[in-house]
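**Student:** Spelled out from the first residue to the last, the chains are:
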Amino acid sequence: MASRILAVEDDTRIRAVIRLALEEEGYDVIEADSAEEALELFATSDPDVVLVDLMLPGRNGFDLCRDLRRSSDVPIIMVTARNDTHDVVAGLEAGADDYVVKPFVVKELAARIRSSLRRSRRTEGGNERLVFGDLDIRPDAGVVLMGENEVSLTKTEFRLLCELAQHAGMVLSREQLLERVWNYDYFGDTRVVDAHIRRLRTKVERDPSEPEHIVTVRGLGYRMQT
Amino acid sequence: MTETPAPARGFGRGLRFRVTFAFALSGLLVATVIAAVTDTFASRYVVRQREDTATQQAYLDARLVRDELAGSDRTPSDALGALELPSGTDVVLFHEGQWFASGLATSEESLPIELRERVLAGEPLHQRFRTRGEPVIATGIPIPSVDARFFEIVSLEELERTLGIIRATLLGAAITTTLGAALLGLWVGRRVLRPVGEVSRAAVSIAEGDLDTRLDPGSDPDLAQLANAFNAMVDALQARIERDARFAADVSHELRSPITTLAASAEMMQSRRADLPERSQMALDLLVEEVRRFQDVVEELLELGRIDAGVEPLEPEPVVLGELLLQAVTRRHGELSSSIELGMDVSTAPLLVDKRRLQRVLANLFENAESHGGGVVAVTARREDGRAYIVVDDAGPGIPDADRTKVFERFYRGSASGRRGSASGSGLGLALVAEHLAAMGGSVAITDRPGGGARVVVEIPWRAP
Chain A
36 MASRILAVED DTRIRAVIRL ALEEEGYDVI EADSAEEALE LFATSDPDVV
86 LVDLMLPGRN GFDLCRDLRR SSDVPIIMVT ARNDTHDVVA GLEAGADDYV
136 VKPFVVKELA ARIRSSLRRS RRTEGGNERL VFGDLDIRPD AGVVLMGENE
186 VSLTKTEFRL LCELAQHAGM VLSREQLLER VWNYDYFGDT RVVDAHIRRL
236 RTKVERDPSE PEHIVTVRGL GYRMQT
Chain B
25 MTETPAPARG FGRGLRFRVT FAFALSGLLV ATVIAAVTDT FASRYVVRQR
75 EDTATQQAYL DARLVRDELA GSDRTPSDAL GALELPSGTD VVLFHEGQWF
125 ASGLATSEES LPIELRERVL AGEPLHQRFR TRGEPVIATG IPIPSVDARF
175 FEIVSLEELE RTLGIIRATL LGAAITTTLG AALLGLWVGR RVLRPVGEVS
225 RAAVSIAEGD LDTRLDPGSD PDLAQLANAF NAMVDALQAR IERDARFAAD
275 VSHELRSPIT TLAASAEMMQ SRRADLPERS QMALDLLVEE VRRFQDVVEE
325 LLELGRIDAG VEPLEPEPVV LGELLLQAVT RRHGELSSSI ELGMDVSTAP
375 LLVDKRRLQR VLANLFENAE SHGGGVVAVT ARREDGRAYI VVDDAGPGIP
425 DADRTKVFER FYRGSASGRR GSASGSGLGL ALVAEHLAAM GGSVAITDRP
475 GGGARVVVEI PWRAP
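Chains as they are written, first to last, in this note's numbering: chain A, 36 to 261; chain B, 25 to 489.
Some hints here could point you the wrong way.
Heads up, simulated DSSO-like pairs for lysine-lysine below, C-alpha to C-alpha not over 30 angstroms straight-line [to be verified]: (1) Lys379/B x Lys430/B; (2) Lys379/B x Lys190/A; (3) Lys142/A x Lys379/B.
No lab work stands behind these hints: they were computed from the structure.
Construct the complete structure from the given sequences, taking the supplied hints into account.
**Tutor:** And the structure:
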């Protein structure tokens, strides 16, 4: 079955070209021209990936990301003006998993969507359990427990945590994480990793400012403490 | 930009120095005049005082000697012995053609001849002079009633010492006054120049991009005028920069939407290129190429605009330079077609650098080498004197001396522009290289590659993470 993409974009022509391009790639595309419409469509059509233009009239893309995140772990790819530093970071903080810059290359957009969809799948690792103190990670079941409670992670956060946990004790550079979790090459935006680590820490660390599990190794990257 | 504080400081020091100097000079003048006048009057008074005392004492002593000599069986020596002379005082007596002295060290020879002659002639007199290196005052009194001449020599050593102390005190006071005046001048200068310092600090902070900097008008109406004028200027500047930034943002948004549609549509058509008739294919190729060029120019212009507006902060992160170069080269060519030579440091130690900017720099340099220089033939990197050097060599015709700085200007197309690929080159790529590097505290220069071709040398500060 074709994966379903919800494209939220107020410019009719861009929406049309996105539909053309993604249908060409074999996706099922549904369109929304505002955050409000997007929320309605999201509830009824259960898309696999949401594409959000940050510059929306009315409720903007940041608000939409936050609204979606409240109830869903769906991969969100934001569309931003190129190198608009502030927007990229703010969008990631609002819950986006990844971004493409406008004007985008269709192939790049398709690659981002493919990478998001790949993250959505559970990893095949048998009945592996990775335990770090109070943190209990079950990659095959897609479940993370903190003590007795299940932690709600997005798919990207989950993949990132698994990547770190499966290499516990090893330092993974931002570039390595970008490549393994997001399928970026070396020149991917490392702020994507940093933003996700920050978000992940608020969920799996007792004190996110004093992380016990995911520690920063200055100048090198991140490491899962064994 | 970082050099702006220097002239401001220099200016402050100059003016402050002049104020301090003027105060010190006035202090010195006043102190000298007061000291000179005080010294003159004080020493004249003290000396006269001492002379009067000496004369009075001499007359008392002379009277005593006269009374002694008037006695029947008294010799001049007895008379002298009867005197109770304080230390430093000596007496010489001439009696009946003979000289007598109160001490061994003293004789009539101690007296100046003129004084001796005149007193012997019957004239009372006193005179100051030096004997055996000692200042003295001698008072000569004729005592005709007993046919004697009485001379009393009093040492003025103590007076000299007193005068010396007075002079030393005055000198000390003069020096203190001068220094005090200099300090006062320094303080006044600093106080008066404080607004200048504040203005220059504010200007520097504004130049560094903090447009919210304002001066506090304070309570002094003279300074408030300066502060208000300055603040009004910054307000106007800020409004203008914000208007420009808004305009750039609007332009960029308005341009991006159609370019997005255009580029994506063209890209899709290209994937179906084979289905089109030959002439349509040619038209499509033109369309795709021009859309790409248009897109590049717009992006580069917007990038330059962002650099000019200073809205794009540096985002340094730890980067292993060797790895970044390898990735940049392989990304471009798929494999290593050019030789890469890396110094020991650059392939292991990380440095703090804005990775995306450096990547833009390298991409533009490689792009340029490919369009105009026959492709990159070698990339080398090394660390030297706290800086990282990246050298990109191409196999092209090289760049004439005259063009070597001009190629980094915006829209410069070179004297040999005919050779340039018609499809590429907005004339902004190298300008962006220079601007990005300047923002990163680095620089770029072009030289000859030994054996032909151009050599681009990029230099950035090596900051350890």
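**Student:** Please go over all the hints and tell whether each is borne out by the structure.
**Tutor:** Hint by hint, here is what the structure shows:
1. Lys379/B x Lys430/B: holds (26 angstroms)
2. Lys379/B x Lys190/A: Distance of about 28 angstroms is within 30 angstroms: holds.
3. Lys142/A x Lys379/B: holds (24 angstroms)
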